Amino acid sequence: MKSNLKVFLKGIIDVSPLMIPVVPFGLIFGVLAIDVGFTPIETMAMSLIIFGGASQIVLLQLFSGGASSLVIISSVGAVNSRHLLYGAVISEHLSDLKLIWKIIISYFLIDQAFAISNEYLKKNKDHNRYFHLVGGGATCWVIWQSTTFLGIILGAAIPEKLGLSFAVPLTFLALLVNDFRKFINVIVIIISGLVATFGYNYIPFKAYVIVAALAGLFTAMILTRKNKKA
Amino acid sequence: MSNWALILYCGLITYLTRFSMIALIKKEMFNDRIREILSFVPSAIFPAIIFPAIFINERGLFEIDDNPKILAAIIAMFIGIFSRSIVATIFSGLASYWFLIFVV
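So the sequence lines, in the order shown, correspond to chains S and X. At position 101 of the first sequence (counting the first as 1) the number is 114 in our numbering, and the numbers step up by one without a gap. At position 88 of the second sequence (counting the first as 1) the number is 509 in our numbering, and the numbers step up by one without a gap.
Be careful, since some hints might not be right.
Said to hold, decoys possible - Listed below are the simulated DSBU-like cross-link pairs for lysine-lysine, each with C-alpha atoms no more than 35 Å apart in a straight line: (1) S:15 to X:447; (2) X:448 to S:136; (3) X:448 to S:15; (4) X:448 to S:115; (5) S:135 to S:15; (6) S:136 to X:447; (7) S:195 to S:23; (8) S:111 to S:15; (9) S:115 to S:19; (10) S:138 to S:115; (11) S:115 to S:15; (12) X:447 to S:195; (13) S:19 to S:138; (14) S:19 to S:195; (15) X:448 to S:138; (16) S:111 to S:136; (17) S:111 to X:447; (18) X:447 to S:115; (19) X:448 to S:111; (20) S:135 to S:115; (21) S:19 to X:447; (22) S:135 to X:448; (23) S:23 to X:448; (24) S:135 to S:111; (25) S:19 to S:135; (26) X:447 to S:138; (27) S:138 to S:23; (28) S:23 to S:136; (29) X:448 to S:195; (30) S:135 to S:23; (31) X:447 to S:135; (32) S:195 to S:138; (33) X:447 to S:23; (34) S:111 to S:19; (35) X:448 to S:19; (36) S:195 to S:115.
Stated by the list, open to error - Only part of the chain X face toward chain S is listed, based on derived beta-carbon distances under 8 Å: (37) 422; (38) 442; (39) 458; (40) 459.
No lab work stands behind these hints: they were computed from the structure. Bear in mind the structure is a predicted one, so any value in this text is a computation, not a measurement. Just so it is clear, CB atoms sit at the ideal spot from N, CA and C, and this is done for glycine as well.
Isolated chain S, as found in the complex (with noise of 0.2 Å):
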């Protein structure tokens, strides 16, 4: 068994290519921020506890207008929906451990921790496996805090024109890389896709997620049917 030293080491160094797109995705927020009208102490307490980069979006893009309080937080609960479904899977690995380590390792259950860590998980069988998204959570953390910082203390120096906000779609199609190899899985990515985009303007709260991710699922568990009878 590797050491828990070296686990969370791993779990630095797989996370890292995914690092790249959350420093301008960061740098953005601070920006944002502070331009709606968020004070810098704000805009880093945001980060902090929220610890959520869509989550802060969609609260800055409804704050700026003018939602009521009620709809923002019922928002920002649609838009992390998914992580019931990230600690669905997560959770048959860390089953075994004690409440104070669930209670820290769930702060740390991000996208990107998530999708690089759940293959670690399912190949890993080591007690100590959940190190390695302690490692990439808290390298995901480091990099969001500094530069949700950055962005507040460089605000409009940064040219809007680079349409940096693309890289957070590409860090999510980057994760799926393996997935376009599969049918089944192509077919899944294309019904939650045309859900979430036709869906956009008419499920209420940003529930589009969650409802998109559950007509994929949906999908998914019909078309694998036929390996479970055969």
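Add chain X to chain S, keeping to what the hints say.
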């Protein structure tokens, strides 16, 4: 509601979505069928973030004409399929996007 209360509530709800399943689900609840379906979670969620970010513009409108993100994403996807590299996928996508908006 003050900004601080808003931030705290948003933080709380974000944390609870992360923690609840980890806290509630027991190992015994898993079987091969559930594992198989859960293995599709990335394929089911990530497109819901990718597609709107590409096809829907800042004003919330569907945009298919004159949208360099579509071609850039397609190029990134093919580079990704052939290279299987996360870094190559992200950089090829950004590079093609910048090429399309600044050069073409």
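Checked hints:
1. Restraint check for residue 15 of chain S and residue 447 of chain X: the C-alpha separation of about 26 Å stays at or below 35 Å, so the hint holds.
2. Under the criterion of a C-alpha separation no larger than 35 Å, the hint pairing residue 448 of chain X with residue 136 of chain S is consistent with the structure, at around 17 Å.
3. Restraint check: the Cα-Cα separation between residue 448 of chain X and residue 15 of chain S comes to about 24 Å, which is no more than 35 Å; the hinted pair holds.
4. For the proposed pair residue 448 of chain X and residue 115 of chain S, the alpha carbon gap of about 14 Å is at most 35 Å, so the pair holds.
5. For the hint linking residue 135 of chain S to residue 15 of chain S, the alpha-carbon distance of about 16 Å falls within 35 Å, and the restraint holds.
6. Between residue 136 of chain S and residue 447 of chain X the alpha-carbon distance is near 20 Å, which keeps this suggested pair within the 35 Å criterion.
7. At most 35 Å may separate the alpha-carbon atoms for a hinted pair to count; residue 195 of chain S and residue 23 of chain S meet this at roughly 27 Å.
8. The straight-line distance between the Cα atoms of residue 111 of chain S and residue 15 of chain S is roughly 20 Å, inside the 35 Å bound, and the hint therefore holds.
9. The suggested pairing of residue 115 of chain S with residue 19 of chain S holds, with an alpha-carbon distance near 20 Å, which does not exceed 35 Å.
10. For the given pair, residue 138 of chain S sits about 18 Å from residue 115 of chain S by alpha-carbon distance, which is consistent with the 35 Å threshold.
11. Under the criterion of a C-alpha separation no larger than 35 Å, the hint pairing residue 115 of chain S with residue 15 of chain S is consistent with the structure, at around 21 Å.
12. As the CA atoms of residue 447 of chain X and residue 195 of chain S are separated by approximately 30 Å, the hinted pair is consistent with the 35 Å bound.
13. At roughly 15 Å between alpha-carbon atoms, residue 19 of chain S and residue 138 of chain S fall within 35 Å of each other, so this suggested pair holds.
14. A C-alpha spacing of about 32 Å is found between residue 19 of chain S and residue 195 of chain S, which places the hinted pair at or below 35 Å, so the restraint holds.
15. Taken as a hint, the residue 448 of chain X and residue 138 of chain S pair is honoured in the structure, with Cα atoms around 14 Å apart against an allowance of 35 Å.
16. Restraint check for residue 111 of chain S and residue 136 of chain S: the C-alpha separation of about 22 Å stays at or below 35 Å, so the hint holds.
17. At roughly 13 Å between alpha-carbon atoms, residue 111 of chain S and residue 447 of chain X fall within 35 Å of each other, so this suggested pair holds.
18. A C-alpha spacing of about 13 Å is found between residue 447 of chain X and residue 115 of chain S, which places the hinted pair at or below 35 Å, so the restraint holds.
19. Proposed proximity of residue 448 of chain X and residue 111 of chain S is supported: the alpha carbons are some 14 Å apart, at most 35 Å.
20. Taking the CA atoms of residue 135 of chain S and residue 115 of chain S, the gap is about 18 Å. The hint holds against a cut of 35 Å.
21. At roughly 28 Å between alpha-carbon atoms, residue 19 of chain S and residue 447 of chain X fall within 35 Å of each other, so this suggested pair holds.
22. Distance check on the hinted pair: residue 135 of chain S and residue 448 of chain X sit about 14 Å apart at the alpha-carbon level, within 35 Å; holds.
23. Taken as a hint, the residue 23 of chain S and residue 448 of chain X pair is honoured in the structure, with Cα atoms around 25 Å apart against an allowance of 35 Å.
24. Taken as a hint, the residue 135 of chain S and residue 111 of chain S pair is honoured in the structure, with Cα atoms around 21 Å apart against an allowance of 35 Å.
25. A distance of roughly 18 Å separates the Cα atoms of residue 19 of chain S and residue 135 of chain S; the hinted pair therefore holds under the 35 Å criterion.
26. Distance restraint check for residue 447 of chain X and residue 138 of chain S: the Cα-Cα separation of roughly 17 Å lies within the 35 Å cut-off, and the hinted pair is therefore satisfied.
27. For a cut-off of 35 Å, the pair hint linking residue 138 of chain S to residue 23 of chain S stands: about 15 Å separates their Cα positions.
28. Under the criterion of a C-alpha separation no larger than 35 Å, the hint pairing residue 23 of chain S with residue 136 of chain S is consistent with the structure, at around 14 Å.
29. Using a Cα cut-off of 35 Å, the hinted pair residue 448 of chain X and residue 195 of chain S holds, with the two alpha carbons roughly 28 Å apart.
30. For the given pair, residue 135 of chain S sits about 15 Å from residue 23 of chain S by alpha-carbon distance, which is consistent with the 35 Å threshold.
31. Only pairs whose Cα atoms come within 35 Å are accepted, and residue 447 of chain X paired with residue 135 of chain S is accepted, the gap being roughly 17 Å.
32. With a C-alpha separation of about 25 Å, the suggested pairing of residue 195 of chain S with residue 138 of chain S holds against the 35 Å cut-off.
33. Only pairs whose Cα atoms come within 35 Å are accepted, and residue 447 of chain X paired with residue 23 of chain S is accepted, the gap being roughly 27 Å.
34. A hinted pair counts as satisfied when its Cα atoms are at most 35 Å apart, and residue 111 of chain S with residue 19 of chain S qualifies at roughly 21 Å.
35. A hinted pair counts as satisfied when its Cα atoms are at most 35 Å apart, and residue 448 of chain X with residue 19 of chain S qualifies at roughly 26 Å.
36. For a cut-off of 35 Å, the pair hint linking residue 195 of chain S to residue 115 of chain S stands: about 33 Å separates their Cα positions.
37. About 4 Å separates the beta-carbon of residue 422 of chain X from the nearest beta-carbon of chain S, less than 8 Å, and the hint is met.
38. Interface hint at residue 442 of chain X: satisfied, since its Cβ lies 3 Å from the closest Cβ of chain S, which is below the 8 Å cut-off.
39. At about 6 Å, the closest approach between the beta carbon of residue 458 of chain X and any beta carbon in chain S falls short of 8 Å, and the interface hint on this residue holds.
40. Against a cut-off of 8 Å between C-beta atoms, the interface hint on residue 459 of chain X holds, since the closest Cβ of chain S lies about 5 Å away.
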